[in-house]
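> Need the complex rebuilt from these two chains, each delivered in its own frame; the hints are there to steer you.
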Amino acid sequence: MGEMKINLCGIEIDNPIIPASGTFGYGYEFAEFYDINCLGTFSFKGTTKDARFGNPTPRIAECYAGMINAVGLQNPGVDKVISEELPRLKKCFNKKVMANVGGFSVEEYVHTASLLDKEEQVGWLEINISCPNVHAGGVNFGSSEKGAYEIINAVKKSVNKPVIAKLSPNVTDITAIARAVEDAGADGVSLINTLLGMRIDLRTRKPVIANKMGGFSGPAIFPVAVRMVYQVANAVKIPVIGMGGVSTAEDVIEMMLAGATAVEVGAANLVNPYACKQIIEDLPGVMAKYKIEKLSDVIGGVK
Amino acid sequence: MKQIIFEISATRRLTETVFEMKLKGDVSGIKCGQFVNLLIDGLYLRRPISVCDLAGDELTLVYKVVGKGTAKMSEMQVGQKIDILTELGNGYDLSTSGDNPLLIGGGVGVPPMYLCAKRLIEGGKRVSVILGFNTKEEVFYEEEFKKLGADVTVTTVDGSYGVKGFVTNAMQGKDYTYFYTCGPEPMLKAVYNASKTSGQFSFEERMGCGFGACMGCSCKTLYGNKRICKDGPVLCKEEIIWEK
Chain A
0 MGEMKINLCG
10 IEIDNPIIPA
20 SGTFGYGYEF
30 AEFYDINCLG
40 TFSFKGTTKD
50 ARFGNPTPRI
60 AECYAGMINA
70 VGLQNPGVDK
80 VISEELPRLK
90 KCFNKKVMAN
100 VGGFSVEEYV
110 HTASLLDKEE
120 QVGWLEINIS
130 CPNVHAGGVN
140 FGSSEKGAYE
150 IINAVKKSVN
160 KPVIAKLSPN
170 VTDITAIARA
180 VEDAGADGVS
190 LINTLLGMRI
200 DLRTRKPVIA
210 NKMGGFSGPA
220 IFPVAVRMVY
230 QVANAVKIPV
240 IGMGGVSTAE
250 DVIEMMLAGA
260 TAVEVGAANL
270 VNPYACKQII
280 EDLPGVMAKY
290 KIEKLSDVIG
300 GVK
Chain B
0 MKQIIFEISA
10 TRRLTETVFE
20 MKLKGDVSGI
30 KCGQFVNLLI
40 DGLYLRRPIS
50 VCDLAGDELT
60 LVYKVVGKGT
70 AKMSEMQVGQ
80 KIDILTELGN
90 GYDLSTSGDN
100 PLLIGGGVGV
110 PPMYLCAKRL
120 IEGGKRVSVI
130 LGFNTKEEVF
140 YEEEFKKLGA
150 DVTVTTVDGS
160 YGVKGFVTNA
170 MQGKDYTYFY
180 TCGPEPMLKA
190 VYNASKTSGQ
200 FSFEERMGCG
210 FGACMGCSCK
220 TLYGNKRICK
230 DGPVLCKEEI
240 IWEK
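Residue numbers (numbering that gives the first Met the number 0), protein chains in the order written: chain A, 0 to 302; chain B, 0 to 243.
Just so you know, not all the hints are guaranteed correct.
[What the hints assert, rightly or not] As a list, the in silico BS3-like pairs of lysine-lysine whose alpha-carbon atoms are at most 25 Å apart:
1) Lys276/A / Lys80/B
2) Lys67/B / Lys23/B
3) Lys80/B / Lys21/B
4) Lys90/A / Lys225/B
[What the hints assert, rightly or not] Sample of chain B residues facing chain A (criterion: CB under 8 Å; computed from the structure):
5) Gln2
6) Ile3
7) Leu42
8) Lys135
9) Pro183
10) Glu204
11) Met206
12) Phe210
13) Ala212
14) Cys213
15) Gly215
16) Cys216
17) Ser217
18) Lys219
19) Thr220
[As the list claims (entries may be wrong)] Simulated coverage check for chain A against chain B, where a stretch passes if three residues somewhere in it have a Cβ under 8 Å from a Cβ of chain B:
20) 85 to 92
21) 167 to 179
22) 261 to 270
Derived by calculation from the structure, the hints in this document are not laboratory data. Even glycine gets a Cβ: it sits at the ideal position worked out from N, Cα and C.
One chain only, chain B, in its complex shape (with noise of 0.2 Å):
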């Protein structure tokens, strides 16, 4: 955990609602999986936002447009520097990948899930993506990833681009050694039940203070009460307990 001052260096719209923000400042430290919390003028809690990429001093968040923090954010311009909690969260275990691992990223799910392909990929790993997205609109990102070298399925809802259906439709047929996902959290469910390995799920909750201390995003699992923020936001297939 640290608490850095961060200047950003670049903006970019992906989509409708998607941004991309580059910063710079002390990365070090920081873990694919893991996310930071960012304080945001006019606001009073910390907005939580997953880490894209690392690369030298720079940090990588794409984020979604969503309600007014993200609304902020997305108004932000290249110079302006923001308080940054950092190394928030346990971040994936990518040691456990076996050679093939599949990474299935859904919507605002898919930045995560770019860190750990890349990290992966330097690993010596063969990766395979499946991005998934309701519209061709809403697409992001299928160049980057194939950039690293991942091998790269997109799946719409309507059909509009790449394989038509869910994520679960594009898993089947693939092979995999074990799988690393992050989405919303109906998404998570369905992976949980058509995936054949092994895996890890990034959770989405509303949380008070990011580091721990607040319980407010305390979520039940077959290895006890976790915190999404400090004890996740990454849990194994083996400890998930289905609520909602």
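Excised from the complex, chain A in its bound form (with noise of 0.2 Å):
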């Protein structure tokens, strides 16, 4: 059997596998359906300083293989997070977990960074600087270099654990940002967050979201994932996450060729919550298929 395991950001996780960030929970909903400790990590749900309940429903919306979600950073903010939510996922989950943070301001950022970066099995802070679905919210910060830069810099000063900056689609040059990040000092970068999309009602005329416009995900924006994904990969020196409707262990390797180290999975587990156990499971015969014997050989490895 092939080799899966991976070092992402100096540390080894079993295989590339990490469900994203918003479509996981905080884990235990999973864990009813499956042993999620197969996964490499997971990025728990984004959280914020203070708890928030998101915007109004409706929040989702159908699309031509994919969907656009509208949530708004729902949370119970960082310190239930910690009481409360951090115990029960130690309880169905014994890796290292990836931290998801949202926020308003560098302050914000920091403070809820510094308080996770303290937690022993947070492996990693998945600083989330394009959540599309927050008025003046990330999206601002992670939309210019100067905000991107700032942030990541703030929170890479207060906090001891790798830093990978979760970066937006929702921009005129990606590579640009991304290099913004790594000369604030991230140790890694994600890709892509959602593409701003929208649908409306033919009958209502009304926006099917409550809030007009949401984040567009699943299989249909696998193409533009993997193209931001290769111009970041080559833009870079830091490792970089890929993410975007992957569905299937194919699509895992051809987002690793594109450049990725590890891969998130998002929209796929809400339609199918075994998605990631049956990458994982699919895998071995799909590098067999394809003579990888070590998984880590293919990153970048687009010819």
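The following block contains the structure:
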């Protein structure tokens, strides 16, 4: 059987499969379906300083080969995440977890990241500077080089664990943002967050989503994600986590060939709760088919 | 929560837009008031449909064609297999019904009332049912409820069949120990205001996953934020906050 282990910012993980933030809660919903310790790690629900209810409903819209969501970073706030969610998570997951951090100011990002940095089970801090669903939120930071630099630089100075900047595709040049966060000291980047999208109901002539617009994800965005991962992997020296519409073991290898060190799986979890387990089980067979002995060998291997 | 492959065993058109589908498969563990989530070829997200009836290894779904998903369902044939997540949602708590519960179903909210009535009657309760529709042409399942032994009142908004008006018109003068209801939100709110006892309400919302992962269908309650798909769809009268 082929070797699936990879090294992500100094931490070795059993395989590169990582359920993406916002599609996997704090893990325990999925632990009802399968033993989630088969995962490389997972990125938990985006956490902010204060508790947030998020946006009004409807928050979800169907699309061709995908979906739009406008949840708006609903979460119980960092204090409750640490006191209630992480102890529950620990009961069903015994590996390092990726803490996903959202915010509305430099101070908030630093506050939340520093608290999560102290948690033993947290292996990496994924800093979401790209949520499309919160007005005046992280996306403003993530859409300019200056803003992205400022957040990552401040967070980096106040934490010890590896910092991964989660980037938005809704920018003119994603490689410029990637270079900015690399300069700010980021240990890795993850991309792409959702593409800003919209659907309109013909009967009511209103947007399907109460917030009008939301983040488009699912297999439909996979080619866009592969392209951006390829561009960013060629622009920076730090590891890239690829995501966007990944649904199969083949998609994982394609994403890694484009330059991804690890791969996050998002929307697929919502349609098939076993998606990540299935991908991990399928990987050895697909690796054998393409004569891959060591998965890490294919990173950036596109010719 | 289970992922089960069901096979369609029967289909029937009940009205112009309402269809019944019977499916064979593992129905163990499914409770009254829960819903199932169907994977439909060519569509991305699963489609949540409330459980109408369970008998042996057969699951009955009754749904209204309102969009692409339900339209595709209405075209499916006997023998076709469907990937379904079952045992979703909290379901109704029937232990609080008292001896003479009232069930109130409006339009596409009628189906979940059927299994509710069946279970309560099995438990020896004297069950009254109010089924609300817009017009005579939309009425379905009246006979099915009567066969269970329930006391059935049908209302139509235009008065073309049964009692003229809304379900709340038929609630006046009824004696009941508790109530269970499902229907469009304006109806639920009217029932809330017209009801004399405590009761349980089943809500609807656009869902992402249907099993509590995505926070797509959250609502605020007096007991904190809840997910319609996981902590609901049934909420108690005492916790509801009407926002819309």
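> Now tell me if each hint is right for this structure.
Going through the hints against the structure:
no. : hint               : result
1   : Lys276/A / Lys80/B : holds (23 Å)
2   : Lys67/B / Lys23/B  : holds (24 Å)
3   : Lys80/B / Lys21/B  : holds (12 Å)
4   : Lys90/A / Lys225/B : holds (23 Å)
5   : Gln2               : holds (7 Å)
6   : Ile3               : violated (13 Å)
7   : Leu42              : holds (7 Å)
8   : Lys135             : violated (24 Å)
9   : Pro183             : violated (14 Å)
10  : Glu204             : holds (6 Å)
11  : Met206             : holds (6 Å)
12  : Phe210             : holds (6 Å)
13  : Ala212             : holds (5 Å)
14  : Cys213             : holds (5 Å)
15  : Gly215             : holds (4 Å)
16  : Cys216             : holds (6 Å)
17  : Ser217             : holds (6 Å)
18  : Lys219             : holds (6 Å)
19  : Thr220             : violated (11 Å)
20  : 85 to 92           : violated (count 0)
21  : 167 to 179         : violated (count 0)
22  : 261 to 270         : holds (count 4)
Checked against the numbered hints given earlier, the structure breaks hints 6, 8, 9, 19, 20, 21 and satisfies all the rest.
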